[in-house]
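Asks: Below are the chains, spelled out letter by letter.
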Amino acid sequence: MLNISDILETITMIQEENLDIRTVTMGISLLDCGDTDIARSCEKIYEKICRKAGRLAETAEAISAKYGIPIINKRVAVTPVAMLCGISGGDPVRYAETLDRAAKSIGVNFIGGYSALVQKGFAPGDEALIRSIPEALATTDLVCSSVNVGSTKAGINMDAVKLMGRIVREAAERTKDRDCIGPAKLVCLCNAPEDNPFMAGAFHGPGEPDTVINVGVSGPGVVRSAIAKAGKDKNLNEIADVIKRTAFKITRMGQLVGSEASEALGVPFGIVDLSLAPTPAVGDSVAHILEEIGIETCGGCGTTAALAMLNDAVKKGGVMASSNVGGLSGAFIPVSEDAGMIAAAESGALKIEKLEAMTSVCSVGLDMIVLPGDTPAEVISALIADEAAIGMVNSKTTAVRVIPAIGKKAGERLEFGGLLGSGPVMEISRVSPKAMIERAGRIPAPMQALKN
Amino acid sequence: MRAIITVVGKDMVGILAGVSTVCAKESVNVLEVTQSILQEFFCMVMLVDLSGASVTVPELQKKIEEANPDMTIHVMHEDIFNSMHRI
Numbered sequence: 001m002l003n004i005s006d007i008l009e010t011i012t013m014i015q016e017e018n019l020d021i022r023t024v025t026m027g028i029s030l031l032d033c034g035d036t037d038i039a040r041s042c043e044k045i046y047e048k049i050c051r052k053a054g055r056l057a058e059t060a061e062a063i064s065a066k067y068g069i070p071i072i073n074k075r076v077a078v079t080p081v082a083m084l085c086g087i088s089g090g091d092p093v094r095y096a097e098t099l100d101r102a103a104k105s106i107g108v109n110f111i112g113g114y115s116a117l118v119q120k121g122f123a124p125g126d127e128a129l130i131r132s133i134p135e136a137l138a139t140t141d142l143v144c145s146s147v148n149v150g151s152t153k154a155g156i157n158m159d160a161v162k163l164m165g166r167i168v169r170e171a172a173e174r175t176k177d178r179d180c181i182g183p184a185k186l187v188c189l190c191n192a193p194e195d196n197p198f199m200a201g202a203f204h205g206p207g208e209p210d211t212v213i214n215v216g217v218s219g220p221g222v223v224r225s226a227i228a229k230a231g232k233d234k235n236l237n238e239i240a241d242v243i244k245r246t247a248f249k250i251t252r253m254g255q256l257v258g259s260e261a262s263e264a265l266g267v268p269f270g271i272v273d274l275s276l277a278p279t280p281a282v283g284d285s286v287a288h289i290l291e292e293i294g295i296e297t298c299g300g301c302g303t304t305a306a307l308a309m310l311n312d313a314v315k316k317g318g319v320m321a322s323s324n325v326g327g328l329s330g331a332f333i334p335v336s337e338d339a340g341m342i343a344a345a346e347s348g349a350l351k352i353e354k355l356e357a358m359t360s361v362c363s364v365g366l367d368m369i370v371l372p373g374d375t376p377a378e379v380i381s382a383l384i385a386d387e388a389a390i391g392m393v394n395s396k397t398t399a400v401r402v403i404p405a406i407g408k409k410a411g412e413r414l415e416f417g418g419l420l421g422s423g424p425v426m427e428i429s430r431v432s433p434k435a436m437i438e439r440a441g442r443i444p445a446p447m448q449a450l451k452n
Numbered sequence: 001m002r003a004i005i006t007v008v009g010k011d012m013v014g015i016l017a018g019v020s021t022v023c024a025k026e027s028v029n030v031l032e033v034t035q036s037i038l039q040e041f042f043c044m045v046m047l048v049d050l051s052g053a054s055v056t057v058p059e060l061q062k063k064i065e066e067a068n069p070d071m072t073i074h075v076m077h078e079d080i081f082n083s084m085h086r087i
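Read top to bottom, the protein sequences are chains A and B. Residues 1 to 452 in the working numbering are what the first sequence lists, from first letter to last. Residues 1 to 87 in the working numbering are what the second sequence lists, from first letter to last.
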């Protein structure tokens with residue numbers, strides 16, 4: 001039989017250290033639902049989502065009960081809706097309403113894919129979809145939206161970046177009576193992965209099969225506790241090994257759940273996304289891992305190096321544990337979703353500039369950051385451009401999900417509730433980038449794009 | 001299907017009997033038992049077979065908990081441990 005301490009270790013991970021499967025996400029292609037009549041198109045989408053994912057929630061719950069592992073979210077990601085808008089024309093919000101209705105009827109927590117991929121320019125449907133995002137997010141509950149504005153291969157579409165600054169602000173204004181929840185469901189990406197199971201950036205890329213199951217694992221609490229148990233006398237090489245071993249175990253669980261779900265639903269298993277995704281719950285924080293490594297408060301000097309090591313060790317440990325690794329894979333640093341980040345931001349130790357540096361070595365970008373309500377659209381655009389540039393040059397995914405807190409200023413806070421947490425309003429540079437943003441156009445692809 | 005039952009708590013008379021009585025009643029076959037004292041706590045691990053059982057894993061956990069209210073009980077599918085600790 002198994003070693004008694006191994007058994008107890010697994011139980012402690014799940015019971016006390018918040019190890020869980022963050023999400024089982026079903027990707028569904030809607031390419032066969034396109035119709036020149038938008039009403040007919042919506043009808044086909046609703047029918048296909050309900051047919052393919054109708055049993056997703058119940059299957060995930062059955063697996064959760066069978067193995068005794070919590071599965072926190074059940075989600076659906078669909079083909080970027082802008083592609084369907086290109087075929088049908090009409091008001092894109094009708095698609096958002098259809099997705100929302102389908103998600104509610106099958107009982108999933110979020111549905112992603114109200115998206116456009118515009119890294120090189122706008123195709124038919126793209127611009128109409130982007131302009132409709134504020135209304136779509138204000139009138140639906142479960143729909144998540146993403147726009148890919150850049151890539152290493154294509155460069156950065158600054159027309160889209162300019163537009164997105166305004167869209168983010170407008171999304172906040174339209175939901176100001178609900179703590180500006182709109183932009184919390186909207187992310188601007190560079191090098192967006194097509195198989196990401198995490199929201200708000202999940203969509204089902206055009207290169208994906210008809211349907212697929214992707215799994216996102218979590219477990220910052222487990223990693224923090226493993227480092228704590230290793231002791232203060234271990235050097236960083238040994239700490240990296242501890243993280244690797246822990247990441248391996250966490251990922252094995254994701255692989256088990258993913259293959260089980262894929263078999264039960266008769267849908268191919270796509271990838272395990274080996275991400276350390278924090279939640280606002282006590283003991284489920286990535287910031288606390290960095291502090292356990294030895295930074296007094298997350299945001300101090302050394303934070304970027306510690307995060308770089310953490311991110312790399314998570315990948316090294318996880319990659320052998322799963323047959324296919326994909327999505328974002330790494331450590332997430334969303335401010336409002338991480339108790340340690342919230343505390344660090346409130347104490348003034350963690351600033352946006354440091355977060356930007358951190359995004360150059362971790363898996364995502366500036367995530368769930370609350371900005372002062374009077375932040376101009378061009379500053380948000382410029383922030384998106386900076387982040388996209390980091391992604392473009394380093395051939396990695398970067399993202400911006402910021403929430404302008406309409407009517408609030410630094411020191412106040414927004415409460416989103418649930419996994420989205422709550423965040424303090426953070427100061428941002430007031431220096432105007434207006435002239436640069438007004439130039440628009442495109443930042444050409446870097447030399448790194450010429451690999452052939 | 002096989003599962004692992006763990007029982008942790010203060011050592012006292014009749015823990016093994018208390019847990020195995022529930023197993024017998026629900027037609028759960030006990031395959032292996034290991035027990036030891038870890039950090040002053042009694043700790044028992046049982047490998048059981050549920051293929052002829054009248055209960056599911058969560059139901060079995062609930063019943064054992066009811067019969068042994070002073071102990072911390074977990075019942076989990078064996079595959080979880082195998083996938084995590086064996087390559």
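Bear in mind the hints are in silico, worked out from the structure with no lab data behind them. As the structure is a prediction and not an experimental result, all values here were calculated from the model. Hints may be right or wrong, so weigh each one.
As a list, the in silico SDA-like pairs of lysine to any residue whose alpha-carbon atoms are at most 25 angstroms apart [said to hold, decoys possible]: (1) A/Lys104 - A/Leu265; (2) A/Lys66 - B/Gln39; (3) B/Lys62 - A/Lys104; (4) B/Lys62 - A/Gln15; (5) B/Lys62 - A/Glu9; (6) B/Lys63 - A/Cys301; (7) A/Lys351 - A/Arg442; (8) A/Lys244 - B/Lys63; (9) A/Lys232 - A/Cys301; (10) B/Lys63 - B/Cys43.
Asks: Hint by hint, note whether the structure agrees.
Replies: Against the structure, the hints:
Only pairs whose Cα atoms come within 25 angstroms are accepted, and A/Lys104 paired with A/Leu265 is accepted, the gap being roughly 19 angstroms. Proposed proximity of A/Lys66 and B/Gln39 is contradicted: the alpha carbons are some 30 angstroms apart, above 25 angstroms. Taken as a hint, the B/Lys62 and A/Lys104 pair is broken in the structure, with Cα atoms around 31 angstroms apart against an allowance of 25 angstroms. Taken as a hint, the B/Lys62 and A/Gln15 pair is honoured in the structure, with Cα atoms around 16 angstroms apart against an allowance of 25 angstroms.
Annotation: proposed proximity of B/Lys62 to A/Glu9 holds, straight-line Cα distance about 22 angstroms (limit 25 angstroms). Distance restraint check for B/Lys63 and A/Cys301: the Cα-Cα separation of roughly 52 angstroms exceeds the 25 angstroms cut-off, and the hinted pair is therefore not satisfied. Between A/Lys351 and A/Arg442 the CA atoms are separated by roughly 29 angstroms; this puts the pair beyond 25 angstroms, and the hint is violated. Under the criterion of a C-alpha separation no larger than 25 angstroms, the hint pairing A/Lys244 with B/Lys63 is inconsistent with the structure, at around 38 angstroms.
With a CA separation close to 19 angstroms, the supplied pair A/Lys232 and A/Cys301 stays within the 25 angstroms bound. Straight-line distance between C-alpha atoms of B/Lys63 and B/Cys43 comes to about 19 angstroms, which keeps the hinted pair within the 25 angstroms bound.
When the structure is compared with the earlier hints, violations turn up for hints 2, 3, 6, 7, 8 and for no others.
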